[in-house]
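K.L.:
Sequence:
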Amino acid sequence: MERCAWATNSNQLMQEYHDHEWGVWPDNDQQLFEMLSLETYQAGLNWQIILNKRVAFRQQFKNYELKWVAQQDSKFIEQALTNEQIVRHRGKINATINNAKCILAVQKQYGSFAEFLKINVSANSQLDLTQVSLTLAKNLKKRGFKFMGPVTTEAFILAVGLINGHEKQCFKHPN
1 MERCAWATNS NQLMQEYHDH EWGVWPDNDQ QLFEMLSLET YQAGLNWQII
51 LNKRVAFRQQ FKNYELKWVA QQDSKFIEQA LTNEQIVRHR GKINATINNA
101 KCILAVQKQY GSFAEFLKIN VSANSQLDLT QVSLTLAKNL KKRGFKFMGP
151 VTTEAFILAV GLINGHEKQC FKHPN
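Its first residue numbered 1, the sequence shown is counted upward by one per residue in the UniProt record's numbering.
Calculated directly from the structure, the hints in this document are not laboratory data. All figures in this text were calculated on a predicted structure; none of them were measured in a lab. Treat each hint with caution, since some may be false.
With a Cα cut of at most 20 Å, we get these calculated EDC-like pairs of lysine to aspartate or glutamate [what the hints assert, rightly or not]:
1. Lys101 with Glu34
2. Lys168 with Asp73
3. Lys172 with Glu65
4. Lys118 with Glu84
5. Lys101 with Asp128
6. Lys118 with Glu16
7. Lys141 with Glu154
8. Lys92 with Glu34
9. Lys142 with Glu154
10. Lys142 with Glu115
11. Lys108 with Asp128
12. Lys172 with Asp73
13. Lys118 with Asp128
14. Lys138 with Asp128
15. Lys118 with Asp27
16. Lys53 with Asp19
17. Lys53 with Glu78
18. Lys172 with Asp19
19. Lys172 with Glu78
20. Lys141 with Glu34
21. Lys146 with Glu65
22. Lys92 with Glu115
23. Lys168 with Asp27
24. Lys141 with Glu167
25. Lys67 with Glu21
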């Protein structure tokens with residue numbers, strides 16, 4: 001079975017991520033928040049590093065329960081910075097808390113973060129992936145999201161399946 005090139009010569013964890021999660025629309029906003037957070041952690045790092053630390057991130061952020069994460073304070077941040085199992089980057093930890101608050105605000109306006117994303121991407125469906133990512137990144141920034149520039153936003157769009165990113169030879173590509 002052929003996969004996308006980035007997953008073909010990867011380890012089992014990366015292949016399982018590709019085969020079962022990457023490009024698959026999550027069931028709820030909590031899962032979308034986790035995927036968004038993982039993409040922010042990955043900025044400047046190798047994706048394999050983030051996948052290897054995923055369980056620890058889930059433990060640190062209580063499975064990305066939005067309301068819980070949004071309530072965390074400087075004491076939590078200082079504790080997280082001592083957790084050697086996660087990426088200890090103050091800006092990314094702050095961004096996780098901030099982005100949880102932003103998602104909660106989006107939910108009030110749109111009913112769900114998922115609906116907000118679908119509306120924003122479908123409104124720009126005539127654009128190419130780069131332009132869709134740039135437009136969504138600007139909208140996220142306007143709403144206060146952190147660490148969601150166009151490159152990270154593009155990775156997020158593909159990771160959650162808002163736009164299909166599977167290569168033509170991949171068994172997951174919708175031929």
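K.L.:
For every hint, state whether the structure bears it out.
P.N.:
Quick rundown of the hints versus the structure:
no.: 1; hint: Lys101 with Glu34; in the structure: 14 Å, holds
no.: 2; hint: Lys168 with Asp73; in the structure: 45 Å, violated
no.: 3; hint: Lys172 with Glu65; in the structure: 29 Å, violated
no.: 4; hint: Lys118 with Glu84; in the structure: 36 Å, violated
no.: 5; hint: Lys101 with Asp128; in the structure: 29 Å, violated
no.: 6; hint: Lys118 with Glu16; in the structure: 26 Å, violated
no.: 7; hint: Lys141 with Glu154; in the structure: 14 Å, holds
no.: 8; hint: Lys92 with Glu34; in the structure: 13 Å, holds
no.: 9; hint: Lys142 with Glu154; in the structure: 17 Å, holds
no.: 10; hint: Lys142 with Glu115; in the structure: 17 Å, holds
no.: 11; hint: Lys108 with Asp128; in the structure: 29 Å, violated
no.: 12; hint: Lys172 with Asp73; in the structure: 41 Å, violated
no.: 13; hint: Lys118 with Asp128; in the structure: 16 Å, holds
no.: 14; hint: Lys138 with Asp128; in the structure: 16 Å, holds
no.: 15; hint: Lys118 with Asp27; in the structure: 13 Å, holds
no.: 16; hint: Lys53 with Asp19; in the structure: 19 Å, holds
no.: 17; hint: Lys53 with Glu78; in the structure: 19 Å, holds
no.: 18; hint: Lys172 with Asp19; in the structure: 7 Å, holds
no.: 19; hint: Lys172 with Glu78; in the structure: 41 Å, violated
no.: 20; hint: Lys141 with Glu34; in the structure: 18 Å, holds
no.: 21; hint: Lys146 with Glu65; in the structure: 18 Å, holds
no.: 22; hint: Lys92 with Glu115; in the structure: 25 Å, violated
no.: 23; hint: Lys168 with Asp27; in the structure: 25 Å, violated
no.: 24; hint: Lys141 with Glu167; in the structure: 29 Å, violated
no.: 25; hint: Lys67 with Glu21; in the structure: 24 Å, violated
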